[in-house]
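Given the coordinates of chain A, work out where chain B should sit on it, guided by the hints.
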Amino acid sequence: MTGEAYGELMRQINSGKFVFTGELEPVKTTNLKEVIEGAKVLKSSVVAVNVTDNPTAFGYMNALVPSYVIQKEAGVEAVYQMTTRDRNRLALISDVLAASTLGIKNILVLTGDHTTVGDTPQAKPVFDLDSATFVYMLRKMMDEGVDLNNNKIEEPPKFNIGIAAAPNADPLEPEILKIERKVKLGVDFIQTQCVYGVDQAKSFLDAASYLNTPILIGVAPFKSVSMMEWMVKFVPGIKVPEEIQGRIRKAKETGGKEAVYEANIDIFAELMKGIRKTTGAAGIHAMAIGFEWIIPKIIERAGL
Amino acid sequence: MIIAKPKPLKDVFEMTKGFDRLLLVGCDGCVSVTQAGGERQAEVLKALLEMERRVKGETAPKAKAVSILRQCDRQIATTALNPLIDEYDAIVCLGCGVGVQTLASLYPSKPTFPANDTMFLGMHDTKADKFYEMCRACGDCLLHETGGICPITRCAKSLLNGPCGGQSKGKCEVGGGKNDCAWVLIYNRLKERNRLDLFTKFRPPRDHRFSEHPRELGDEAEEEVTA
Chain A
1 MTGEAYGELM RQINSGKFVF TGELEPVKTT NLKEVIEGAK VLKSSVVAVN
51 VTDNPTAFGY MNALVPSYVI QKEAGVEAVY QMTTRDRNRL ALISDVLAAS
101 TLGIKNILVL TGDHTTVGDT PQAKPVFDLD SATFVYMLRK MMDEGVDLNN
151 NKIEEPPKFN IGIAAAPNAD PLEPEILKIE RKVKLGVDFI QTQCVYGVDQ
201 AKSFLDAASY LNTPILIGVA PFKSVSMMEW MVKFVPGIKV PEEIQGRIRK
251 AKETGGKEAV YEANIDIFAE LMKGIRKTTG AAGIHAMAIG FEWIIPKIIE
301 RAGL
Chain B
1001 MIIAKPKPLK DVFEMTKGFD RLLLVGCDGC VSVTQAGGER QAEVLKALLE
1051 MERRVKGETA PKAKAVSILR QCDRQIATTA LNPLIDEYDA IVCLGCGVGV
1101 QTLASLYPSK PTFPANDTMF LGMHDTKADK FYEMCRACGD CLLHETGGIC
1151 PITRCAKSLL NGPCGGQSKG KCEVGGGKND CAWVLIYNRL KERNRLDLFT
1201 KFRPPRDHRF SEHPRELGDE AEEEVTA
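These protein sequence lines are chains A and B, in that order. So the first sequence is numbered by the numbering used here: it starts at 1 and just counts up by one. So the second sequence is numbered by the numbering used here: it starts at 1001 and just counts up by one.
No lab work stands behind these hints, which were simulated from the structure alone. Treat the numbers as computed from the prediction; the structure is a model and nothing was measured. We put the beta carbon where it would ideally sit given N, CA and C, even for glycine.
Derived coverage of chain A by chain B (criterion: at least 3 residues anywhere in the stretch with Cβ under 8 Å from a Cβ of chain B; other residues may be distant):
| no. | region |
| --- | --- |
| 1 | 109-118 |
| 2 | 122-131 |
Below 25 Å or equal to it, Euclidean Cα-Cα: the simulated SDA-like pairs (lysine to any residue) are:
| no. | chain 1 | residue 1 | chain 2 | residue 2 |
| --- | --- | --- | --- | --- |
| 3 | B | 1201 | A | 146 |
| 4 | B | 1169 | A | 242 |
| 5 | A | 124 | B | 1097 |
| 6 | A | 184 | B | 1147 |
| 7 | A | 239 | A | 253 |
| 8 | B | 1007 | B | 1069 |
| 9 | B | 1178 | A | 122 |
| 10 | A | 33 | A | 290 |
| 11 | A | 158 | B | 1203 |
| 12 | A | 72 | A | 93 |
| 13 | B | 1171 | A | 171 |
| 14 | B | 1005 | A | 123 |
| 15 | A | 239 | B | 1176 |
Same shape as in the complex, but just chain A:
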């Protein structure tokens, strides 16, 4: 059953509060210090933090452990990201049961980038389930207390389920219909890939409004000019207006790294404010991997 809140993220969304979520990336390490520090930094301004699952198919630490650890050590609710790329349905069931046991409240269901775009492109891609069939399995586990074969689960798990969306998908209609498929199965919230204009957020939210599902719009400042250029060039569906690119580049030329950060704070505060004031978004999903400290500053400057 959707709508019921199992954690603080969904409680705040249901209360109508405009929410912020952040994002952390456990990397190729056995050390969680940076993730815990990042969670502590984000805590002041976000209600929950996504923990990525082998993002762009890079082999990193399993996301469940840091999801648990940030809840325990930093007191921040996790959105445990789970892709279907690396695990078949048996392994997904195992991790879902483990996550619920560890007190995880939110799962973001993802198909996952293809193995060939990652750091171990020789790997066998799994994709036993896709994001829709994974949602279907989760609903069965939670609502009926059974697995895909109707085998009973002792003490079924409870989660709020999120899905991702690509607001700049071109063509957009198949993307919207795909989301509709999943919404009909039962999802609680949607977090989107990043947008770089209020207009981008608006046109997506308009197209998806009939789904009546809370949508958190993705916002991702640029750590550097080269990161911006890489994203513009390689990430499908990223549209960064020339005006923003110009401001970031100019900042770099005139004041170096610090000025780039300052320009980011201005640019993304304006963007967040615009999204908050002029769209029907339920909140913002803010992604600043490796420079999480900037998120509270942006939110503060936006006056949100």
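Chain B in isolation, oriented as in the chain A frame:
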């Protein structure tokens, strides 16, 4: 048809090293279309094997090149090869992986070497002289629901409920953006037919037992005949 391409020559030279009596067997079936396995290819490979040995200062092997109608048919292969096989120590097979295994099972005492890499089940565009993978033999066809476009094969993730976020302007990010996103193709086709209901339909998880391998076919037919 089954699409195959010749292995690098150095690999074939390496596998056949030390064998002096080689029977090169082509196949006039699928692989002859990709020019990996017909009679002419068997003749060419024979010439190359002989040349390689001579270049290395060795005696050229006793080699014979033949081609048979379909290597994957045990009876056809037996009829064609039984009269020849005793004079050779090893077989170089220019068929697909099925051909190699058929010959290896018929002549278990003769090492059988694959001269080709078997790639996929494909469609031939004769005009463009290109071959495209179209079917992964999943054993549970859903083409009636997807506008005649197979997402199991043509979506890099085999999604039942696509598209994913990895498409841009209808192209898939896997493979460098040259391939069409199967789910955008499916969307366009179903929209043309006014059947977007099939697009939005949720497809539950696949039963992978349909493609549990090795598979076989035939017992049922036999039962019907005897019954």
